[in-house]
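Start from the sequences, fold in the hints, and give me the full structure.
Residue numbers (the working numbering): 74 to 544.
These are calculated hints, taken from the structure and not from any lab test. Heads up, some of the hints might be wrong.
Below, in silico cross-link-like pairs of lysine-lysine (DSS-like), each with a Cα-Cα straight-line distance of 30 Å or less [said to hold, decoys possible]:
no., residue 1, residue 2
1, K143, K123
2, K484, K511
3, K171, K144
4, K254, K403
5, K319, K253
6, K403, K532
7, K416, K226
8, K139, K165
9, K420, K403
10, K264, K319
11, K143, K165
12, K264, K254
13, K511, K420
14, K476, K416
15, K171, K130
16, K139, K123
17, K130, K143
18, K476, K511
19, K254, K319
20, K123, K138
21, K144, K130
22, K253, K264
23, K226, K138
24, K138, K171
25, K165, K138
26, K123, K144
27, K226, K476
28, K511, K416
29, K253, K226
30, K165, K144
31, K143, K171
32, K226, K264
33, K130, K165
34, K416, K403
35, K532, K511
36, K532, K477
37, K171, K123
38, K123, K165
39, K226, K254
40, K477, K416
Everything numeric in this text was worked out from a predicted model, so none of it was measured.
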Amino acid sequence: MSRFFKSAAFPILIVVVLAFFAQKLISPGKTEKVPNYTEFMQQLDGGQLKSVTINTKNNTLDVTKKGQEKKYSVGYPSNTEQNLINTLEANKVQTQVKGKSGGGWLTVLTYVLPFVIFLLFWLFIINQMQGGGSKVMSFGKSRAKRMSVDAPKITFRDVAGVDEAVEELHEIKEFLENPKKFQALGARIPKGVLLYGPPGTGKTLLARAVAGEAGVPFFSISGSDFVEMFVGVGASRVRDLFEQAKQNSPCIIFMDEIDAVGRHRGAGMGGGHDEREQTLNQLLVEMDGFEMKDNIILIAATNRPDILDPALLRPGRFDRQIVVDRPDRKGRAHILAVHTRGKPLAKAIELDTLAAQTPGFTGADLANLVNEAALLAARTGHREIDHNHLEEGIMRVIAGPEKKTRVMSEKERRVTAFHEMGHAIVAHFLENTDPVHKISVISRGQALGYTISLPTEDKFLTTRAELSDTM
74 MSRFFKSAAF
84 PILIVVVLAF
94 FAQKLISPGK
104 TEKVPNYTEF
114 MQQLDGGQLK
124 SVTINTKNNT
134 LDVTKKGQEK
144 KYSVGYPSNT
154 EQNLINTLEA
164 NKVQTQVKGK
174 SGGGWLTVLT
184 YVLPFVIFLL
194 FWLFIINQMQ
204 GGGSKVMSFG
214 KSRAKRMSVD
224 APKITFRDVA
234 GVDEAVEELH
244 EIKEFLENPK
254 KFQALGARIP
264 KGVLLYGPPG
274 TGKTLLARAV
284 AGEAGVPFFS
294 ISGSDFVEMF
304 VGVGASRVRD
314 LFEQAKQNSP
324 CIIFMDEIDA
334 VGRHRGAGMG
344 GGHDEREQTL
354 NQLLVEMDGF
364 EMKDNIILIA
374 ATNRPDILDP
384 ALLRPGRFDR
394 QIVVDRPDRK
404 GRAHILAVHT
414 RGKPLAKAIE
424 LDTLAAQTPG
434 FTGADLANLV
444 NEAALLAART
454 GHREIDHNHL
464 EEGIMRVIAG
474 PEKKTRVMSE
484 KERRVTAFHE
494 MGHAIVAHFL
504 ENTDPVHKIS
514 VISRGQALGY
524 TISLPTEDKF
534 LTTRAELSDT
544 M
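Here's what the structure looks like:
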């Protein structure tokens, strides 16, 4: 039954039902018998008629009987209008002659409109199935985007703070540049590389850097682009993607958020017949079909490696798994150097000091910090970015922008100050807490004030005493 709802027959059935009801609404069935012309003449001779309107263009009569408000229409022989008018006047029936049709266009519209609705709905279904493509029934084609040759190339010089990951990926670059060097020794390059770590740590940037360094085609696609409501579309897109890659080898396929399609099988609501699982099965088959001569590298990224199917992670598919973690203090300083390149910084700015003030920041957070500082400097009319702009950028990333329109009374501000001072005093006297960096009663986000404590160095373990003091 679930296959029927996913198949193309289901939307067709919906269209047919909608068209049927539309026709019923527009052209309701007539339950009363309409008199013919002979019966009309009998009613006229019997004095039962109150008024008659003669429509000369379509030869119809709109008839109203005595004691009734409802009209009925009946046709009459052409070229008999004058005799009909004389007869009606002789029987003292109110008579009116009209020279235009009262229902011709409405009658045509009644029959045409349901088919127009059907056609428009069907075109909508086709457009959804093909994903906006120009070819009819092209919904099985891959949605992978190929990076243009003319696009600015990203290299390892643009990547900082993840030196171990860059070192691992250097080998991939060398294989794509000179595969014979490895094949001569019988070495087999990893078929797949899985990059995993928190969001914003530079997984996509690393994949683009490998393609930029090697100078090969780069296909980028998201895991969610494979799965659709129609059965077989995901598997078809996987086949088409790898077919394109083979035609453009050597190349790199980058699959972002692979957990959308590579989730552990059996976890879906549809069981073994789930469309996502069919897509995953096809992906496993295609990865097994790699040959050394194909020179295709699959790089995937995820934030959730724990939910991926074990068959996807086994050697021979994703041979190499690289952690892309949050950068340490030295890494943050290098990342800040990359993002401040070409920007006018004040001479007093020390990137290492700024890196010490941003523990736990990812590469994306640091890029946002520098951008916020540059925007603030431009907004205030400065020609260079100074310490105050960067400090405000840090606060915007951590707590959001200032709530300048939030007006607190003096009493509320005083209570907030005592509250934040309490945080600061307790943090100062507890042995296992981080030093207090900043106290403020300026509203940001949903907070009326805040107290920020920053560690003096990067921490990788937290003791029970530290947790207790922090609470």
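Against the structure, the hints come out as follows:
1. K143 / K123: holds (11 Å)
2. K484 / K511: holds (22 Å)
3. K171 / K144: Cα-Cα ~16 Å, so holds.
4. K254 / K403: violated (34 Å)
5. K319 / K253: At roughly 18 Å apart (the allowed maximum being 30 Å), K253 and K319 satisfy the hint.
6. K403 / K532: holds (13 Å)
7. K416 / K226: Status holds; Cα separation ~20 Å.
8. K139 / K165: holds (12 Å)
9. K420 / K403: holds (20 Å)
10. K264 / K319: Holds. K264 to K319 sits at ~13 Å (cutoff 30 Å).
11. K143 / K165: Measuring from Cα to Cα gives roughly 20 Å; hence the hint holds.
12. K264 / K254: holds (17 Å)
13. K511 / K420: At roughly 24 Å apart (the allowed maximum being 30 Å), K420 and K511 satisfy the hint.
14. K476 / K416: Cα-Cα ~28 Å, so holds.
15. K171 / K130: At roughly 8 Å apart (the allowed maximum being 30 Å), K130 and K171 satisfy the hint.
16. K139 / K123: Holds - the C-alpha atoms of K123 and K139 are around 5 Å apart, at most 30 Å.
17. K130 / K143: holds (22 Å)
18. K476 / K511: holds (18 Å)
19. K254 / K319: At roughly 21 Å apart (the allowed maximum being 30 Å), K319 and K254 satisfy the hint.
20. K123 / K138: This hinted pair holds, its Cα atoms lying about 5 Å apart.
21. K144 / K130: It holds: about 19 Å lies between the C-alpha atoms, which stays within 30 Å.
22. K253 / K264: holds (16 Å)
23. K226 / K138: This hinted pair is violated, its Cα atoms lying about 85 Å apart.
24. K138 / K171: Given that 30 Å is the threshold and the Cα spacing comes to 19 Å, the pair holds.
25. K165 / K138: At roughly 13 Å apart (the allowed maximum being 30 Å), K138 and K165 satisfy the hint.
26. K123 / K144: Between K123 and K144 the Cα gap is close to 10 Å, so the pair holds against 30 Å.
27. K226 / K476: Distance ~40 Å between K226 and K476 Cα, so the pair is violated.
28. K511 / K416: holds (27 Å)
29. K253 / K226: holds (25 Å)
30. K165 / K144: Roughly 18 Å between the alpha carbons, so the hint for K165 and K144 holds.
31. K143 / K171: Status holds; Cα separation ~19 Å.
32. K226 / K264: Holds, at roughly 24 Å.
33. K130 / K165: This hinted pair holds, its Cα atoms lying about 24 Å apart.
34. K416 / K403: holds (20 Å)
35. K532 / K511: Cα-Cα ~20 Å, so holds.
36. K532 / K477: Roughly 35 Å between the alpha carbons, so the hint for K532 and K477 is violated.
37. K171 / K123: holds (17 Å)
38. K123 / K165: holds (9 Å)
39. K226 / K254: Roughly 25 Å between the alpha carbons, so the hint for K226 and K254 holds.
40. K477 / K416: holds (28 Å)
In this structure, the hints that do not hold are numbers 4, 23, 27 and 36, in rising order.
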